[in-house]
Amino acid sequence: MAIIPLERKPLSLAERTYLPAILSGLKTTFARLLRPIETMEYPEQRPAIPPGYRGVPTLVKDPNGREKCVSCQLCEFVCPPKAIRITPGEIPADAPTAQVEKAPQAFEIDMLRCIYCGLCQEVCPEEAIFLQNQYSMSGYTRAEMVNHKDRLYELGGTLPDPHLKWDKKKAAAEHGNTH
Amino acid sequence: MFDFFFNLNPVIQGLIKGLAVILVIFPLAGACSLAERKVSAWMQGRPGPNRAIVPWFAYVPFLGRFLQRLGVFHLMADGAKFLFKEEPVPGHVNKLYFVLAPALAMMPAFTTVTVVPFGAYFDGAGHAIPLVLANVDVGLLAVFAVSSLGVYSLILAGWASNSKYPFLGSVRASAQLISYELSMTLSVVPVFLWINAPGTPGTMSLAKVVEFQSLPGFWGGTWFIFLMPLSAAIFLISLFAETNRQPFDMPESESDLVGGFHTEYGAFKWSLFFVAEYSHMLVGSGVFTLLFLGGWNPLPWLPLADFVAWLHSLGGAAFVVHPLFVGVLSIALFLGKVLVVIFFFMWVRWTVPRFRYDQVMKLGWQKLLPLAIANLIFYALAIAWVQTR
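If you read the protein sequences in the order shown, they are chains A and B. So the first sequence is residues 1 to 179, counted in this note's numbering. So the second sequence is residues 1001 to 1389, counted in this note's numbering.
In isolation and in its complexed conformation, chain B is listed as follows:
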C-alpha cells in the first residue's frame, strides 16, 4: 500500500496529502470554536452548548448522551446553518471585493499549513524524516511571509463593506499587524542564530529546530522555551496580536466597533473569517510548539527517538518501531501540544480584558519592539561567545 502511494505521481501525492491536511485542519478549526464556547462556559460556571442532538443518536446508550452534553452536535448544526442560511449582501458594498475578502482570508490560513511540519518518522538509518507537505528550507520565513497576507483580507473586507465600523476595524487590523510583525520576527532570530552554528549549512527549516531540541545531552534536549524564555514570551504575545485574539482583538472589538471588519458579513462568508481566524491560531500555535515547545518530542530531555526505543524495550512489539506508528505517535504528540497552546489562547481570552487601541500601539512599539531588539543583541552576543569558545 505504501509502495503504491510512493509510486504515484508526486503531484497526485501532494494533492492527496494536501487534501488530508485540509480535511484535518477544517474540522479542527471548527472544533476549536466549539472548545472556545465550552471553555468560556466552564470558566463562567455555565454548562455551555449541550442541547442539540441528531434524533437517532439519542438512542445510543452512553455515547449519545455524552456527545450531546459535550455539544458536538451544535458544531454540526452551526455548520449546516451557516451553509444553508440566506447570504445577505448589503446594497452599499463593493460586491466583488466583498465576496473576495472571505475567500482571501482562507488562502493564507491554509497555505501556511504546507510548510509547518507536524510529525516525524525514522528511516532505516535512524534519521528523522519530518512529515510536512512542502519541506522547503525557508520554513519559518514562508510562514511569516504568507500569514501576514491574512491582514489583506481584513483590509479588503473593511474597505469593501463601505461603512465606517468595518473600515475602522480594518485600519486597526493593518496597524496592529504591522506593529507586532516586527517584534515577532525579531524574537525568533535568536533561535535560528543558535541552530545555524558556524560551519553548519544554514537553514530556516522548522523541522531543523525540532531536531536541535531532540539532541542528546542537557543543553541539546532543552526546549527553547527554557533556553530563551524572553523570546518565547515576546513571540507568544505577538502571536496573540497577529491572530487578533483577546486581549488584542482590535479589528473586531465588538463593544466599540459593532463587529469590526466583519460587521456587514453574515452566514457562510462570516464563518469563513471565523475558520480562517482559528486556522491562523492553529498554525501559530503549531509554530510556537515547534520553535519553543520541542515539536513532537514528548517531554523535555526525552526525544521522540528515545521514547520510541523505550516503548520498544517495554513491550518488545515490532510495530512500535514501524514508521507508520512512529509517524502517528509524533502527530498525536504534536497535536496534543498544539491543543494545549490553543487552550492557553482561550484561557487568556477569558481572563484578560481587551486593551485600548493606544495601549496596543504603545505596547507594540514602545515595549515589545525594544525588548525584542535587546533580547536579540543579548542572545547574539551570548551565542557568539558560546559557539566560538
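Pulled out of the complex, with its shape left as it was, chain A reads as follows:
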C-alpha cells in the first residue's frame, strides 16, 4: 500500500464565504421542487409485485381442482418459527382421487409467527404451498391472524401444474405398471 500524499489547496476567498456552495445547493433543491413527486400514495396506488415475491403463504389447487397438499407435514417440520400446524386426514376410497390417499384435515398457518422465509414452499414435494403476492395481513384479534385451510385455498387459488403427477400414477396403475 503506497501512501499517496494529496495536495490540499487552501480555499479561495469565494469558497471560504460558503456562498457559492450554498447557491449551488439552492439550485439543486429548487430543481427538486419542480420534479414530479415520487411518493406512491399507498392505499390508492399499489406497488407492482416482482416475480418470485414472498408474500403470504397459501395452499393451491391443481387445474383439475384437486387440492395438492397430501399432508406429508414436511413444511410443518421445516418451518423455523413453527407457524404451520397440520392435521392429516384420509381421502375416502370412493373419491375420484382416492389414489392420493391422504389430504390435510386441517391446515393452519399462524401469520403472527410466520417469518415469510419461504422454506415451506421450497421443501414441498407436491408444489402445494406457495408464497404469493399478498403482502399485507391485518386482523383485530390473534385468532383472526391464523389462516385456516379454507382461507389458505381461497388465497392460493389454482396454479398451472405441468406434471399432473397423480393422474399419471393412476393411469400407469390402470395399465398394470405401478412404478
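No lab work stands behind these hints: they were computed from the structure. Note that the Cβ used here is the ideal one computed from N, Cα and C, for glycine as well. One or more of the hints may lead you astray.
Where chain A lies over chain B, by a calculated footprint (3+ residues, C-beta under 8 Å) [unchecked claim]:
#, segment
1, 1042-1049
2, 1340-1351
Listed next, the in silico EDC-like pairs over lysine to aspartate or glutamate satisfying Cα-Cα at most 20 Å (straight line) [as the list claims (entries may be wrong)]:
#, chain 1, residue 1, chain 2, residue 2
3, B, K1367, A, E15
4, A, K149, A, D110
5, B, K1362, A, E15
Chain A is already provided as a structure; the job is to place chain B on it using the hints.
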C-alpha cells in the same frame, strides 16, 4: 362608509385596524406552517399533507379535491387539535412562568406589526399615505427594540421548564440573538444614512425608506438591494439567526437538544411558540422587503404611482385611481413580496444543514460583525462624498 369609519373615535379606529391586522397575521402564520410542510415535501419528492377534508367539502366538484390535495384542511385540523388536546404541564416546572412564556412570545411578535407599513394610497395631492397601524417616526428602531424582546420568552420558557435541554436551548437563544442583533442593526445604518440627507428632516420611518425607493430617475428608483447588496446580505443572514430559522435554529436543534426551549411544551402553548416564530418571520420578511426590496413598488424603477397611472391609461377605468383600489393593490404587492421572502426562508431551510454552535458564534462575531462595520464605514464615506458633492 369611509366617512363613518374616519369619524369614529381614533381609539376605536385603532382597535378595528389592529384586529384586522391580527386577523390577517394569525392565519397567515398558520398558512406559513402549511407552506413549510408543502415546500419541504415537494423538495423531497413527496406530496406532503393531502388527506384531511371536511366531509361535505368533498362533494364540491373541483375545488374540494384541489383544496384537499393542497392540505388546507390539515391546517384547520392542526389548529383544532392544538386547541382541544390535553395541555400537559409537567410537575417539575415553575407553573406561572411556564404558562407566561408562550403568551410573552406572542406579544413582541404582534407588537412589531404595528409599526410596519404594509401598503400605501395617494391622497388628492398625490402624496403617498402609508397604511400602517402606528406611523411613528422611530419606525425601524421600534421594530428592533420590540422584536428582540421575543428572546425573553425563549429564556423564560427554558428556565421555567426546569430541565436541562430547554435550559441549554434558551441559553443558546440568548447568546445567538445578542450576537446577531449587532450586525443586523449595523447593516441597516447605511440605508438610513442615505435617506437622511443633510438638510432633510431626520427619520427612521420605514415608509420613508419606501418613498426613497419610489423616486423618479435611475438612482431614485433603485431598490436598496442593488444599491447596498452587502447590507442586504448581512441583514438577511442576521434575520435568519434572529428568527431562529435553519441554519441557525440553535435554540431548538431537535437533533441534539430534543426540542430545545419548547421540549416541555405541548398542545396550544407549543403552537403559540410556533405561531410567534412565523409571525417574527413575517415581520422580518416585511422589514426586509421595505428596506431592500422596494416595499409596495411592483418592479425596480417602476414606482406604485407610475404603475397605477399606467393601469389607468390602459383601461381608463376610474376605480383604478380610487384610494381603496390603490391601497388593496399595494397591500397585495407587498404581501406577495413578503411571501417570496418567506419562500426563500423555507428554501434555505431545506438546503443548508444546521451550523454547529461554535460556528454560529464564530460567524456572528468574527465574520458578520467586522463585515457590517466595514460596510458601514464604506457607505458612510461614499454617502458623505455623494451627498456633499
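To see whether the hints hold, each was checked on the structure:
1. 1042-1049: Coverage by chain A holds for the segment 1042-1049 of chain B (6 residues, Cβ < 8 Å).
2. 1340-1351: Per the Cβ count (4), the hint holds.
3. B/K1367 with A/E15: Roughly 14 Å between the alpha carbons, so the hint for B/K1367 and A/E15 holds.
4. A/K149 with A/D110: At roughly 11 Å apart (the allowed maximum being 20 Å), A/D110 and A/K149 satisfy the hint.
5. B/K1362 with A/E15: holds (17 Å)
In this structure, every one of the numbered hints holds.
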